[in-house]
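Quick note, the sequences are listed as chains A and B, same order.
Mapping of the first sequence onto the working numbering: position 141 corresponds to residue 409, and the numbering continues sequentially without gaps.
Mapping of the second sequence onto the working numbering: position 362 corresponds to residue 378, and the numbering continues sequentially without gaps.
Derived from the structure by calculation, the hints contain no laboratory data.
The C-beta atom is built at its ideal place from N, Cα and C for all residues, glycine as well.
Heads up, some of the hints might be wrong.
Under 8 Å between C-beta atoms, here's a sample of chain B residues computed to sit facing chain A [what the hints assert, rightly or not]:
hint, residue
1, R91
2, L220
3, D265
4, R417
The following residues of chain B were derived to be distant from chain A, with all beta-carbon distances above 12 Å [to be verified]:
hint, residue
5, E48
6, Y123
7, W181
8, D205
9, G298
10, Q348
11, K360
12, A391
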Amino acid sequence: MTIPAVILFFIFHTFPLLQGIFYSFTNWRGYGDWDFIGLSNYVNVFKDMRALNAYGFTFQFAIVSTVLVNIFSLLIALGLNANIKFQKTLRAVYFLPNILSILIVGFIFQFIFTIFLPQFSDALGIQALATNILGSPDYAWVGVVIMAVWQATAFNTILYLAGLQTVPEDVYEAAAIDGASPWKRFWKITFPLIAPFFTINMVLALKTFLMVFDHIIALTGGGPGYATESISVLIYRGGFEGGQFGYQSANAVIYFIVIVALSIIQLRFLQKREVQQ
Amino acid sequence: MRLISSLVVSLTTAALLVGCSDISSPKENMVELELFSNKAENIATYESMIERFEEQHPNIRINLYAPPDAETLLRTRLVKNDMPDMLAIAGNALYRELVSVDMLVNYEGEPMLDPIQPAYLQTISDLEGSEKKGIHGVPFAANANTMIYNKTKLKELGEDVPKTWDEFIQLLQKAKAVGEIPIYFTFQDSWTTMPAWNSLAGNLQPKQFADKKTNKEVTFQGTHQEVAEKLLQLKDYGHDRMFGIGYNDGNREFSQGKGVFYSQGNWAIPELLKLNPELDLGVFAMPVTNDPTKNKLVSGIDVLFATLKESKHPEEAKQFISFMMEEQQQQQYMEEQSAFSVRKDVISDDPIMEGIQDNFTEGKISSFPDHFYPAGMGAQNMIQEFLYQGNISKLLKDLDREWDQIQLRY
């Protein structure tokens, strides 16, 4: 069984990756003739203002979203884990955003930002929300963050919920007898015990947000200007619409290395502070 | 065994008999051609023409294929090396690329090019660039980059269509003074900034700009100052929410009577009339200079036909293209699609288009500047950002830098 698995894995996973690396050393447009051009694609990526701009936006977006998603999903998970009515129904409701397609959610949010919010704020006489934030190069990223966090919180909540199930009930009983306050109980018991889940949530969220694509296509298309162009969008745009297959392959290879490196650093750093059980 | 062989024999004879008696040309001589089109709006029109063509040429079958997001699909098919026989695409950067990698058949000197307005043949040869010789795409239908206006509102203002830039600006001021939105801009979609940019640059930029720019003879910074200034000046006559409203919402608002002018090409007119059939519309070419004789209409090739060199049936493809260029087909297409013919003798009589009729008859036409920009440069995004920030020198510098950098990416 192993050999067919290895072959399948190689054909569908490793081979395309190697192909991408191979093309990054050529000037291939995706069609026609091509030549080897050595490392010049890589050199040009570093000189490319549009790529640097995309890196800037993507990191800003990913860090803010990762932090917000983890805060919200931990809060929701704590709530859903408590003794409340309709616990199972609520868990299902809170998971709903994860099932919806990001593109559809994007178009709904686009409607909210473009038509609903401005009209609503007009009616209330609030000037701050009267213009569509997706149309402003300075604030469009906030719109993308709002939608991304809304959608991604569901999945991370499930992971935190799983983590909270692993905390044994008797430690809380012991703490209650010692007279620990709810805040102390969370900070000294719950949080350290679910630390491995915190680590995995941080790493997964950051990785997903660094590869953000659908959100942007549905909400802003990368605009206004290049204000919300993420690296995945840039690679797609340049590669398919601009015929820069080789060049964007180099961009993708660099990005792959960046993401792997970041994930490893993050894992190392976060695992150190986990409780050794 | 004997049963099977006798069955086979009788079936073959039957097939042969049917072949002889029924259809004049047997199946083996049937030529199938795939026609790839990038427009979804004209499928029904094409189909009725193809039907007529197949009646006249019973041995040729045309398979029309017009998928959504056709340009991206065509690029993926390029990668897979699975190209159709014929293309019906716009005269834009994609066409320029296909010519530059030498994939299309040369039609220079063919009689079917004779009735075409010289301006469009010039556009085609300009698109192909200075390195290539020939006409690799046969222009079929044209579009116009216009200023659409609400006739009722202009009458209320007591004004006529402006002939010079100063007149136009005065008119915009007057409209603003009486509380109208002078131009209904929709800048949330970056491409909607291009009709105005193209009108300005199409009239003001030096000839052969793209080739000279690639050869580093000219720069945006040296030649596009006035274009950027005038575009910025127009923005003053927009409305509060122009950056938060996209093309579709803009069509709806303009059709409901918001705004006197709408900076869009003729392609927006069917959409506007669908939303409000009562709307009284007119179009004109935006006057860019103060010399009315110098103001040209920016018009491009909306559809051109091209044949792939790899196609096994170039002769039949040529027959089809010549057929499409005939007057009858041209008339039908222009009527059904409210497009403009590239033939000198076919003139649109649509009353909405009256304002630009003279441009076509007199050949006062110039081509879309952005069709010559390198693919993937994303000029529209830079222009959108510029309109928001208003920094002329940054825009021109960015355009220059991106253009030069893109040359390094192939």
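Structure-based check of each hint:
no. : hint : result
1   : R91  : holds, 5 Å
2   : L220 : violated, 23 Å
3   : D265 : holds, 7 Å
4   : R417 : holds, 7 Å
5   : E48  : holds, 23 Å
6   : Y123 : holds, 21 Å
7   : W181 : holds, 27 Å
8   : D205 : violated, 8 Å
9   : G298 : holds, 29 Å
10  : Q348 : holds, 33 Å
11  : K360 : holds, 35 Å
12  : A391 : violated, 5 Å
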